[in-house]
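Engineer: Take a look at the letters that make up each chain.
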Amino acid sequence: MIEEGKPIFVQIAEQIENDIIDGAIEEETQVPSTNEFAVFYRINPATAGKGVNRLVEDGILYKKRGIGMFVAAGARARLVTNRTEEFAASFVRPLLDEAAKLGIAPNQVAAMIQSAASADTTNQKETVTS
Amino acid sequence: MTTTTLAPAVSVEGLTKRYGKFTAVDNVSFHVESNKIYGLLGRNGAGKTTIMQLLTGQQFATSGEISVFGDYPAENARVLQQICFIKEAQKYPDTFKVKHVLASAPWFFENWDADFADRLVDDFRLPMKRDVKKVSRGQLSAIGVIVGLASRAPLTFFDEPYLGLDAVARQTFYDRLLEDFAEHPRTVILSTHLIDEVSNLLEHVLVIDEGRIIIDQDAEELRGSASTVVGKATDVDAFVAGRDVLHREGIGGLASVTVSGLSAAERRTAADAGLELAPVSLQQLIVRKTSGSGAAAQSDWSESA
Amino acid sequence: MTTTAIERETTPMTSTPAMTRPLPSPFARIWNVVRLHLVDRRTYIGIPWIIVAFAFLISIVLSNIIGFVTGDGLGGAEATANQRYSWAVLAPQWYLIVVAVQSIGLTFPFALGFSVTRRDFYLGTSLMFVLISAFNAVAFAVLTQIEKVTDGWWMGTYMFNALWFGVDGWYVDLLSFFVLQLLVFFIGASVTTIYMRWRIVGMLVFAITVAVVVLGTLSLITFTSSWPAVATWFGQQGIAGIFLWLLVPTVLAAVGGYVTLRRATPKN
Numbered sequence: 007m008i009e010e011g012k013p014i015f016v017q018i019a020e021q022i023e024n025d026i027i028d029g030a031i032e033e034e035t036q037v038p039s040t041n042e043f044a045v046f047y048r049i050n051p052a053t054a055g056k057g058v059n060r061l062v063e064d065g066i067l068y069k070k071r072g073i074g075m076f077v078a079a080g081a082r083a084r085l086v087t088n089r090t091e092e093f094a095a096s097f098v099r100p101l102l103d104e105a106a107k108l109g110i111a112p113n114q115v116a117a118m119i120q121s122a123a124s125a126d127t128t129n130q131k132e133t134v135t136s
Numbered sequence: 002m003t004t005t006t007l008a009p010a011v012s013v014e015g016l017t018k019r020y021g022k023f024t025a026v027d028n029v030s031f032h033v034e035s036n037k038i039y040g041l042l043g044r045n046g047a048g049k050t051t052i053m054q055l056l057t058g059q060q061f062a063t064s065g066e067i068s069v070f071g072d073y074p075a076e077n078a079r080v081l082q083q084i085c086f087i088k089e090a091q092k093y094p095d096t097f098k099v100k101h102v103l104a105s106a107p108w109f110f111e112n113w114d115a116d117f118a119d120r121l122v123d124d125f126r127l128p129m130k131r132d133v134k135k136v137s138r139g140q141l142s143a144i145g146v147i148v149g150l151a152s153r154a155p156l157t158f159f160d161e162p163y164l165g166l167d168a169v170a171r172q173t174f175y176d177r178l179l180e181d182f183a184e185h186p187r188t189v190i191l192s193t194h195l196i197d198e199v200s201n202l203l204e205h206v207l208v209i210d211e212g213r214i215i216i217d218q219d220a221e222e223l224r225g226s227a228s229t230v231v232g233k234a235t236d237v238d239a240f241v242a243g244r245d246v247l248h249r250e251g252i253g254g255l256a257s258v259t260v261s262g263l264s265a266a267e268r269r270t271a272a273d274a275g276l277e278l279a280p281v282s283l284q285q286l287i288v289r290k291t292s293g294s295g296a297a298a299q300s301d302w303s304e305s306a
Numbered sequence: 063m064t065t066t067a068i069e070r071e072t073t074p075m076t077s078t079p080a081m082t083r084p085l086p087s088p089f090a091r092i093w094n095v096v097r098l099h100l101v102d103r104r105t106y107i108g109i110p111w112i113i114v115a116f117a118f119l120i121s122i123v124l125s126n127i128i129g130f131v132t133g134d135g136l137g138g139a140e141a142t143a144n145q146r147y148s149w150a151v152l153a154p155q156w157y158l159i160v161v162a163v164q165s166i167g168l169t170f171p172f173a174l175g176f177s178v179t180r181r182d183f184y185l186g187t188s189l190m191f192v193l194i195s196a197f198n199a200v201a202f203a204v205l206t207q208i209e210k211v212t213d214g215w216w217m218g219t220y221m222f223n224a225l226w227f228g229v230d231g232w233y234v235d236l237l238s239f240f241v242l243q244l245l246v247f248f249i250g251a252s253v254t255t256i257y258m259r260w261r262i263v264g265m266l267v268f269a270i271t272v273a274v275v276v277l278g279t280l281s282l283i284t285f286t287s288s289w290p291a292v293a294t295w296f297g298q299q300g301i302a303g304i305f306l307w308l309l310v311p312t313v314l315a316a317v318g319g320y321v322t323l324r325r326a327t328p329k330n
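Protein chains in written order, with this note's numbering: chain A, 7 to 136; chain B, 2 to 306; chain C, 63 to 330.
Isolated chain A, as found in the complex (with noise of 0.2 angstroms):
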């Protein structure tokens, strides 16, 4: 669950993060304790907190004084804006670079994730109707 060589508090935030994107999480619920993160992940509470705490910062977890943590209202679609231009830099941005060098032109990349996913979606048809 915990890779190595990144710092474990970032790949916790991360882990809050996809449970609030996914659902996992709704919005104005709980989420565990610090505690119960560090026990479930085996990491130490301090470290736990940290990602908690900057989940926090960024208005994605808030706390209730004596209760605990909560998600944000409208979290959701804050984490999802931002994993987006995440997902254009960290995605989009090397594969049209790649692109480029091969001489495919950007409305040619286009086409062939088109077709990629629509051949994607017959092999799930096919898959399920055999």
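Rather than coming from a laboratory, the hints here were simulated on the basis of the structure.
Straight-line C-alpha distance at most 25 angstroms; calculated DSS-like pairs for lysine-lysine:
#, chain 1, residue 1, chain 2, residue 2
1, C, Lys329, B, Lys135
2, B, Lys290, A, Lys12
3, B, Lys233, A, Lys107
4, A, Lys56, A, Lys69
5, B, Lys134, C, Lys329
FRET-style restraints, in silico, Cβ to Cβ:
#, chain 1, residue 1, chain 2, residue 2, range
6, B, Asp219, C, Pro88, 37 to 45 angstroms
7, C, Ala196, B, Arg19, 42 to 50 angstroms
8, C, Thr271, B, Ser30, 38 to 46 angstroms
9, B, Ala279, A, Asn113, 30 to 38 angstroms
10, C, Leu225, B, Gly46, 48 to 56 angstroms
11, B, Ala265, A, Ala30, 24 to 32 angstroms
12, B, Gly254, A, Lys12, 26 to 34 angstroms
13, C, Leu85, A, Thr35, 42 to 50 angstroms
14, C, Val192, B, Lys130, 28 to 36 angstroms
Chain C is faced by these chain B residues, among others (derived, beta-carbon under 8 angstroms):
#, residue
15, Ile84
16, Pro94
17, Asp95
18, Thr96
19, Phe97
20, Trp108
Since this is a predicted model, take the numbers as computed values, not measurements.
Each residue gets a CB set at the ideal place from its N, CA and C atoms; glycine is no exception.
With chain A's structure known, arrange chains B and C on it following the hints.
Structural biologist: Quick look at chains B and C alone, frame taken from chain A:
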């Protein structure tokens, strides 16, 4: 020294311990902050056990200053009553059964939790009525682990506490340590060879090599502070030129070089140059940093792991 | 794992701050060492008395053999006199000196692991030696008196009323057994502190020193032809006097052990 909980649990200044001509601990200085889990890591004979014996008053320093909860620990009942030191080669009275150890421990540890001790006895399947002399190596380690956890001492040392424990039992130890630490924060100093197993539990890392502290750093900062660059030898060498190279390996025209401290921008530069970047685990990093990267160093770590 | 954490989440998180709880008083700490020595009651109480019981059984057999061999029958004057030289009453002492050695050799490193100071450990151990010695002294003095009153347990077997016991009155028995028991404990313990502090080199130096002192004293007495004077001196002291003198080496061993142990370090 103030006695608030914010004061460091342990302060060591210029500490040296010599046995005859052999210097086991060589002019060492460090602090241990309260309520954190520390890893005291290093090769066999690096001086880990000696440092713990000095901090717990079992050995006397040759020179230097030690302050534990504000005082010199040796023969200091006020300080020692707050310490639990679990060591690999703990001796027990000859006729003792396991139950005698666990019956007497609460007299010496103010915070002893008997229910927790009972649960741990079940977890480790410890035979209470067996003679300590006759239990297996793993069960002997389990006795130490149980005393160390259930004592809830404000300062707890575990010196290689897992000898003979199988992977499942070791995981039980780490899990119970973490659960109990989360509920009852205290200062824990864990000395171990099995860095990969415990690295995620640690908040701070002290690495000792040949009697000196060579790393004293937050575990999170240390993690990801080094990367291995892999690619064509000429490209790799061009990229790492002028950097802090921790380790270098090569086969034919390929090279794999471990360097410390790459910024995000530098990572992109490396990627653009067609080089691959691989993460370095805490254990790899420490192996690289202790006594160079000689074959002897490597085998010492792996044999004990 | 996570479920237990969630269950416990309802309880407030309690920190274990250093130095807020009242710590045990100095005497409580020393008393805990006494309890540590006695947590396994076989060591100082069970096994010694089993040895006494076995010695007693053997004494019964021997007294019958002696009675038969001397042709005197059980309880005869000569048979009774012969039994006075039986060392059965001291049978547990060989075991107890080993126990005293182990109290330092094994229980000391164990107690350090329980964060006991050397000072508290030694004082607690000494207190325990005194208590056990007092208990044994009373027990053996009483047994000696019973043996006398019952003419050897109604079967002419004398084990406790032997050697110097039962000769000078019960209070001398009490004193002599107490001092002897304490001496056995402290010799065993203090010699072991030498090992704990200086290891084998210390033991060698100590053994050589003892040999030189003993041989020197014996030669001195011999060369000055003082043996008759020595014998006279011992005769004048009486049993009580000799055991009062034995308090001197007992106290020396006790104090020497304390001083030595204060800087001793358990082997790693």
